[in-house]
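J.: Protein chains in written order, with full-length UniProt numbering: chain A, 1 to 543; chain R, 1 to 158; chain P, 1 to 93; chain F, 1 to 130; chain D, 1 to 112; chain Z, 1 to 972.
Keep in mind the hints are simulated off the structure, nothing from the lab. Ideal placement from N, C-alpha and C gives every residue a C-beta, glycine not left out. Do not rely on the hints blindly, as some may be mistaken.
Facing chain Z, from chain F, some residues (calculated, C-beta under 7 Å) [as the list claims (entries may be wrong)]:
| id | residue |
| --- | --- |
| 1 | P73 |
| 2 | V74 |
| 3 | V90 |
| 4 | M93 |
| 5 | R97 |
Incomplete in silico selection of chain D near chain P, CB under 8 Å [said to hold, decoys possible]:
| id | residue |
| --- | --- |
| 6 | N52 |
| 7 | L56 |
| 8 | G60 |
One-letter residues, chain by chain:
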Amino acid sequence: MSGWQHHLIIAPILIPLAAGALLLFFDERERVLKAMISVVSCLALAAVAFNLFRLAATDGFDGVYLLGNWPAPFGIVLVVDRLSALMLVLASILAIPTLVYALARWHTAGAHFHSLFQFLLMGLNGAFLTGDLFNLFVFFEVMLAASYGLLMHGSGSMRVKAGLHYIAVNLAAALCFLIGVSAIYGSAGTLNMADLALRIGEIEGERRMLLEAGAGILGVVFLIKAGMWPLNFWLPGAYSAATAPVAGIFAIMSKVGIYVILRLSLLVFGQGASAGLGLNVLLYGGMATIAFGTIGVLASQALGRLASYSVLVSSGTLLAVLGLNNGVVTAGALFYMVSSTLTIAAFFLLIELVERGQDAGASVLAVTMEAYGDADEEEEEVEVGVTMPGTIAVLGICFAACGILLSGLPPLSGFVAKFAMLTGMIGTNVAGEGPIPASVWWIVGLLILSGLAALISMTRAGIRTFWASMEGTVPRVLVMEMAPVMLLIALTLALTIQAGPAMRYMEATVQTLQQPAAYIDAVINARRAGVAEAGGPGGGGGI
Amino acid sequence: MLPYPLLSASLVLMWLALNGFTLGHLILGCIVSVFASWGVAALRPAKPRLRKWYLLPRLVGIVLYDIVRSNIAVASILVRGRKASFKSGFMTVPLDLQDPTALAVLSVIVTSTPGTAWLEYNSLSRTVLIHVLDLVEEEEWRRLIKGRYEALLMEIFE
Amino acid sequence: MSHTILVWSITFSQACLVLAMVLAALRMSRGPRAQDRVLALDTLYACSMLLMMVFGIRTGKDLYFEASLVIGMLGFVATVALAKFLMRGEVIE
Amino acid sequence: MMDHARDLPAWAAIAVSVFLVIGSLLTLIGAVGFARLPTFYERIHAPTLGTSWGTGGIVMASMIFFTVLGTRPVVHEILVGIFVTVTTPVTLMLLARAALHRDRAEGNPQVPAEAPVEPPADEGQPAPGE
Amino acid sequence: MEFVLSLGIGIMTGSGVWLILRPRTYQVIIGLSLLSYAVNLFIFGVGGVKSNAAPLLEEGVPVSTMTDPVPHALVLTAIVIGFATTALFLVVLLAARGLTGTDHVDGREQPK
Amino acid sequence: MTGELILVLLVCLPFAGSLAATVLLRTDSRVLAARMAGGVAFACLVLTAMLYPAVRGGGRVRLDLEWLPQLGLDVTLRMDGFAWLFAMLVTGIGCLVVLYARYYMSEEDPVPRFFSFLLAFMGSMLGIVLSGNIILLSVFWELTSIFSFLLISYWHNNAAARDGARMALTITGIGGFCLLAGLLVLGHIVGSYDLDVVLAAGDKIKAHPLYLTALVLILIGALTKSAQVPFHFWLPNAMAAPTPVSAYLHSATMVKAGVFLLVRFWPALSGTYEWFMLVGIAGISTLLLGAYFAMFQQDLKGLLAYSTISHLGLITTLLSLGSPVAAVAAIFHMMNHATFKASLFMAAGIIDHETGTRDMRRLSGLFKYLPITGTLAMVASAAMAGVPLLNGFISKEMFFAEAVETHADSVLDRILPYVATLAGAFSVAYSIRFIHMVFFGPPPTDLPKPKPHEPPHWMRFPIEFLVLACLVVGVIPSLSIGPFLHSAVLSVLGERTPEYSLAVWHGINTPLIMSMIALLGGAALYFVMKDYLAKCDDGPPLFRQLTGQRIFERVLVTVSWKWARWLESNLGTRSLQPQLRLVAAAGLLVGVVPLYIAGFSPKAPVLGEVDPIFAVIWGIGAFCALGAAYQAKYHRLAALVLLGGAGITTCITFVWLSAPDLAITQLVVEIVTTVLLLLGLRWLPKRSEKVDNAVTLAARSRRFRDFLLAVSCGFGMFLFSYAIMKQPVPDAIASYFLEKAYTEGGGRNVVNVILVDFRGFDTMGEIAVLAIVALTVFALLRRFRPAPDSIEKPEQQRIQNAYDDERPERSAGDTVRDYLLVPSVIMQWMFPVVITFSIYLLLRGHDLPGGGFAGGVTMAIAFLLQYLAGGVRWAEDRIRILPLRWMGFGLLMAAATGMGAWFLGYPFLTTYSQYVALPFIGKVPAATALFFDIGVFALVVGATVLILIALAHQSVRMHRVRSPEAGKAEET
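Use the sequences and the hints to build the structure in full.
T.: Following this line, the structure appears as structure tokens:
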């Protein structure tokens with residue numbers, strides 16, 4: 001592998017960082033330039049992510065990047081494996097449509113949208129790539145800080161109130177994160193995940209107990225992020241208050257928690273004495289989350305809340321399914337994660353367009369509301385959209401597609417995802433493996449119910465928005481706003497058609513996750529550049 | 001280049017005091033002090049005219065001595081506690097000093113001397129309100145401030 | 001002998017400073033008014049600064065000097081802000 | 001404890017001890033006064049013991065100690081002294097003035113009113129802005 | 001040492017938790033500050049507490065006597081992030097106060 | 001053309017046509033759309049017909065395409081005789097419906113959309129028929145639900161259409177989900193989703209413990225789709241659809257999908273007692289109730305809808321019996337029902353179209369106006385009634401024959417003949433009613449369209465064709481439908497194919513007698529009830545109030561709305577406090593439970609170890625923390641000051657426990673935080689202790705709970721930290737850092753080397769956080785609006801300004817000028833000093849305590865001091881800080897330093913350090929880490945200043961009315 005390719009691993013962090021920093025040099029009025037920088041960065045990011053994705057699937061790829069050229073347990077490492085590459089691709093795929101959507105109008109609703117957006121991407125990518133617990137904390141904070149800014153982008157009472165709750169809960173979570181990480185450091189003496197996985201077997205007695213307590217506290221943090229009931233009440237408020245493009249990119253934020261849980265539970269707690277730590281919490285918590293999300297989906301009147309509760313359903317599904325700790329099901333869950341992230345993003349983007357049509361004055365009102373009380377904001381151009389023929393039809397089709405995706409109906413990827421998980425639980429893949437445990441039946445029931453609830457809610461909402469109130473008024477929608485939604489839906493369609501290859505990737509991913517030895521080995525024995533001897537552990541490593 | 005030579009020199013001294021004396025640090029200190037004095041130049045403070053800067057050490061000496069003296073005085077009052085009969089109070093002292101820097105120096109002297117505290121300067125009436133812990137003889141204090149410090153400061157600054 | 005004196009005097013002086021801090025803390029909680037509390041905080045800062053310097057003597061390292069210098073040089077900023085808040089109701093006008 | 005200081009000459013040890021005791025005692029006395037004096041305006045005098053010679057004593061002690069120990073002049077502690085001396089008046093002044101304002105606003109009779117408008121007659125004043 | 005420090009951490013945590021459960025935004029921000037002190041000290045204490053063993057390399061001082069520098073670095077990062085988030089939370093609570101007119105954490109007064 | 005290709009085309013063509021129709025969204029393309037749809041449907045019909053040779057005599061065509069092979073989900077298309085027959089039905093009736101709709105739809109309707117949905121529906125239906133993979137089948141199954149929803153709600157401005165469509169979707173959706181689950185369980189049992197494999201594994205399935213589960217789930221799917229009791233009620237409500245839709249969905253396709261499924265899985269699932277009971281009860285009750293309800297409908301389409309339900313019940317009943325002959329009858333009746341019901345719907349549509357109403361109470365004597373349609377309708381309804389020489393008669397005969405047979409020897413067996421006869425009588429009654437009330441009797445009086453006349457010929461053509469089919473099949477069954485039926489039966493039953501004969505005349509036997517009884521009884525029944533029926537309300541007498549629809553809607557609203565809302569608000573919360581409480585409790589729980597489980601017992605502290613001075617310091621710290629907690633509600637400033645006290649304790653602790661870097665950083669941060677909070681304090685509302693001290697009991701208990709939680713958290717944290725501190729330090733990575741810091745990192749301050757080198761990446765992230773927060777703060781404050789009660793200047797300023805204003809000799813602002821006169825001088829002169837100090841901290845960081853962060857904050861304090869001294873205007877008049885530039889520069893500098901290593905072939909952030917010999921000066925340490933630290937420094941300065949100044953600007957901004965440069969803190 002040539003040298004420059006190896007540096008690609010850090011590019012997903014550096015590109016948005018540099019773009020975000022560069023954006024600071026330009027005044028808010030240079031909108032076009034800022035937008036250009038942002039778009040170029042996102043495109044570059046996508047190119048890099050796809051490249052890494054491709055590389056991660058090839059054999060013999062050295063996905064470990066030693067920052068500062070320090071050997072593994074001491075310095076910080078970035079690790080690209082199939083899972084992190086998948087998440088990178090997902091994030092960058094999501095970034096482009098949401099950014100384009102934002103360029104239509106929202107990026108002018110407040111200061112520094114583009115910088116914050118880039119920093120959010122940086123935080124996301126960092127969280128996906130890092131192989132170090134404390135570095136994970138740092139990137140969590142980067143991501144969260146940017147999300148605070150983005151959530152309140154556009155200001156307004158709703159957003160700020162939601163932002164207050166969101167920040168307060170996340171600050172408490174951040175403190176827990178610190179406690180957890182330091183407890184792990186105090187009991188295991190390392191921060192590197194791979195090293196931790198190595199050491200965990202040797203830790204005994206009180207130190208093991210402290211380690212497990214630390215891991216538990218850490219788990220609470222990730223569950224807060226992932227939105228497990230009853231730690232998820234911040235989520236509907238926050239997501240539904242955010243502007244459409246922000247909510248769109250937030251779709252992947254709750255998946256970060258899932259990602260980390262998946263990563264740590266299989267890497268560190270996959271084997272050995274602490275194996276399966278907290279799996280039951282995931283299982284039952286996940287089921288409770290599905291139930292709560294389902295209830296919320298039914299109880300939501302506003303589309304934004306409906307979408308937010310769909311996020312919870314999706315999180316709950318993933319948590320519960322991960323709690324089963326079954327390879328085939330986990331592969332299905334990965335597929336589901338990709339599919340539901342795209343779906344929810346598309347839905348959040350769509351909601352704004354749809355609701356714009358509900359009240360003829362709404363779009364103007366939204367703009368004035370944004371600008372209210374602010375002296376130095378130049379006036380928004382009122383004519384933001386053009387009434388296109390067929391707008392309603394396109395919106396309606398997209399809405400129906402979202403409904404189909406959310407409720408897991410064919411022919412889009414929501415069905416394939418649900419099927420992939422279900423078949424792993426009760427279908428052919430467990431044929432003849434004895435009786436099916438009760439918890440699986442519960443999950444199956446909840447999954448079906450949640451799909452049904454989404455169906456009921458979405459028809460209710462769709463009928464209300466498209467057929468009962470939209471008569472005569474056609475929302476003003478720009479092609480630039482419609483295209484991202486359609487792109488995302490098209491992606492789910494592509495995912496459906498290419499379900500076979502996609503599932504193969506997911507299965508391979510799960511296989512690598514289930515054999516953490518290779519990961520650990522790659523990290524610990526990663527070669528330092530320019531150092532003659534293989535970068536083994538230093539004097540104090542004690543490995 | 002060097003709008004405030006005295007300040008720059010002091011900064012170099014401070015730098016050397018912090019880092020220890022080496023040639024390298026002397027050069028670095030000079031660079032830093034030039035940089036810092038540009039910063040202060042941007043603030044455009046009222047530039048003090050130090051007429052008789054050689055009187056400064058004398059002032060410092062007097063003040064240090066007075067501080068020692070009043071330290072003892074105040075400490076004894078406090079140590080005696082409730083038995084001490086002291087009468088604290090406010091007094092107004094008219095001032096002739098005009099230069100803000102000189103006023104600042106005076107205020108530092110008055111306040112860092114235990115037992116007296118500079119409360120309020122009135123630029124219209126050009127008086128200062130001082131609170132004294134042991135206000136036995138008001139004129140005594142006034143004389144102390146005007147004669148002992150203000151006169152010297154007037155000499156140095158104006 | 002002289003060493004013993006030094007040890008004792010250091011201990012004594014630390015005790016004095018800590019006691020002073022206790023008194024300042026008491027004043028801080030008792031008030032009765034905001035300016036008393038602010039002044040108490042200022043005193044607390046000063047005492048901690050001295051305590052750190054004594055600690056430096058005790059350990060024979062001047063690593064802790066910067067911390068005391070920070071208090072000496074910048075500690076007043078917080079107090080100034082507090083005082084200005086009391087006087088003007090806002091810190092920066 | 002204090003093994004590093006065993007080589008310290010006796011005179012230095014005693015000088016350091018004396019300065020330490022003086023400095024900390026003065027600070028303590030100031031704090032006692034601060035805690036016990038009845039009015040705010042009296043209380044503002046007390047901490048100045050700590051910030052003047054209290055600090056001074058400890059600074060001196062530290063300087064002597066490190067100079068003798070390290071056999072090179074260590075003077076940076078003097079900066080602490082200088083800055084404390086320069087900045088303490090600022091805080092006291094601002095605080096006291098704020099207290100004065102509050103007392104006046106509440107009509108507390110024990111504080112003097114704003115200074116009279118006319119400058120005292122015995123002042124021959126140069127024109128402002130000269 | 002450990003006992004005193006952990007007791008202190010406990011008390012700070014208790015006060016902080018009490019405050020973040022209060023309904024006023026200002027209480028919450030003070031509580032978060034207290035909690036971040038406690039957490040910083042906790043991280044700090046994880047490396048083991050040693051007096052006079054600063055991790056600054058000097059000739060003749062064996063490194064084995066020095067305290068663990070890693071928690072220090074972690075605390076430094078945590079302090080910075082804590083400062084940043086406090087600032088952010090403050091501004092958000094001000095904004096919320098401005099927009100809703102109340103300093104209740106939910107943006108409206110609790111019905112009595 | 002190969003069979004495989006035809007299969008693909010059959011499924012794809014309709015969808016392609018559907019997509020093409022959406023392109024023709026313009027309304028003037030209605031004819032074009034109709035032609036295209038007709039063409040597609042006809043092509044499908046032809047294609048299907050072409051496959052007949054391949055499926056004749058039990059043959060099958062099969063196509064496998066990989067989709068998700070790992071999970072057993074493939075695109076397997078498979079056509080056998082039964083599928084062929086059904087596909088013919090779907091495509092054939094599809095053609096006719098398109099033709100009919102071409103004339104039926106009015107000018108205003110967006111016709112392309114209609115045809116688009118219709119074709120898509122046809123495609124889905126063909127998909128169900130042709131699926132060779134049971135999961136693929138459920139895919140198409142759900143698609144039919146979705147498209148039927150869109151078709152039923154085609155006239156969506158009509159509330160009834162919307163509700164009907166939604167109900168259809170909900171019910172069939174539920175069914176679809178259950179079906180999927182059932183099919184998965186089936187897959188679990190069989191180990192494959194391939195239809196052929198599943199069908200071959202009938203015995204294995206029936207013996208499996210999960211058989212009942214699978215059966216129930218699949219049956220729910222099938223019965224909902226086929227509108228069987230108790231899921232029948234969606235079908236009548238779906239009659240709000242345009243008539244072509246009803247004709248298509250409710251005769252040949254949608255509702256037939258359910259029975260199709262039953263037939264499809266008949267070999268694998270049927271024949272057990274469970275099957276017989278479940279399917280039988282549903283079928284029999286549907287048969288009877290549907291027929292009974294149909295009699296009392298006043299809506300033409302309603303009558304037909306209930307009749308459909310009843311006929312489907314008949315088919316279901318036949319299938320429940322488990323005998324091969326009954327299955328043959330079921331398949332046969334499926335075909336027959338489709339023909340006559342489609343024609344009847346179309347006839348009803350014509351009547352509706354011509355008269356403007358479908359209410360039988362208003363219709364009368366139409367035969368005069370619509371003679372041809374009337375005749376056709378009469379024949380069709382005769383077929384529905386089971387009149388001899390029509391196709392309905394033959395299959396009904398077969399049903400009666402089966403009904404008298406004994407099957408599972410249960411109560412069902414005994415009642416079945418009577419039920420069948422009764423239902424037959426009802427069906428005769430409503431058929432007669434349909435004809436008699438509409439076409440005979442006095443001329444109509446209050447028709448919305450007064451002059452009905454015959455429709456265009458091509459609109460009537462489909463009916464003519466279908467009626468002809470009824471006749472042909474009815475007269476010469478074995479010559480017409482016989483061979484096709486046989487290959488269908490063969491493909492379903494395989495070896496179990498029974499002997500049966502399709503003949504009109506079997507001699508006088510029990511079924512014939514039953515038929516006669518039903519015919520005569522039905523006629524009699526109608527003429528008895530004629531007068532009542534002519535006037536009565538819609539719906540059957542006993543059940544009029546108890547309509548499934550209403551119950552369903554109530555239940556749906558209750559469960560999915562009322563209960564959901566109640567649950568949501570009770571299981572969730574929108575307040576912050578409970579959330580934080582939960583976070584704290586969760587943290588406590590997971591932190592303490594392991595300790596408890598492991599039986600943790602803390603080592604008792606040794607008193608001698610405790611340094612009393614340190615203990616006293618912590619006494620102060622704890623005191624301050626508690627004080628802050630106590631005071632924060634009413635005495636904010638006191639709380640702030642006490643917080644400062646707690647902070648200084650922390651600093652001393654850092655000093656005491658060997659962390660000078662931390663102490664410095666904590667101190668500077670402490671100062672900035674205090675100022676920050678003070679800046680914010682100005683905008684908070686006044687709060688006095690007196691106002692709200694009426695504490696309710698609830699509040700008191702809440703407080704007590706919080707207090708307990710806080711105390712336990714504190715105690716837990718105490719235990720936890722004590723445990724962890726008492727733990728011997730593990731063999732940590734620390735020793736590596738201590739050893740390599742100087743030799744490889746080039747610095748003596750190990751903490752700083754970690755920060756800028758070993759773990760420099762953390763620092764980069766951390767400064768990014770700071771930058772982000774600064775940006776957010778700035779963005780938020782640009783939109784800042786203070787609450788009304790804090791817009792005014794603070795009280796103090798008002799008093800002081802009033803004082804200045806009162807006195808003529810004073811100008812405004814004199815007080816503050818005097819106040820700051822002396823302090824500001826000192827603060828100004830401190831400016832260069834602090835700057836020097838900050839640079840000092842920055843430069844020495846690598847070797848001694850300090851570093852970029854502490855230096856940066858110090859620098860920011862230097863700026864802050866000037867703002868404090870002179871106010872915003874004064875300061876900005878003199879110093880122009882461009883915080884955003886500082887931040888951008890800092891970030892880029894840090895990143896660029898890291899990237900510099902690339903050019904030497906090293907990874908990001910690899911540092912390089914060396915001693916450089918300079919003239920006069922000697923060796924100077926030069927590490928690239930310094931540049932990184934400079935980046936940190938610049939960013940911290942920029943971010944801190946931006947945060948503070950943006951906040952400070954608010955005071956100024958509020959007093960300035962819309963002046964152009966307001967809020968542009970970035971430029972100052």
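J.: All hints, please: hold or fail.
T.: Hints and how they fare:
1. P73: Hint violated; P73(F) Cβ to chain Z Cβ min 19 Å, cut 7 Å.
2. V74: This hint is violated: V74(F) lies away from chain Z, its Cβ roughly 14 Å from the closest one there, beyond 7 Å.
3. V90: 4 Å, holds
4. M93: 6 Å, holds
5. R97: 6 Å, holds
6. N52: N52(D) check passes; min Cβ-Cβ to chain P is 4 Å, inside 8 Å.
7. L56: Holds - the Cβ of L56(D) comes within 8 Å of chain P, reaching about 6 Å at its closest.
8. G60: 13 Å, violated
Going through the hint list in order, the structure does not satisfy hints 1, 2 and 8.
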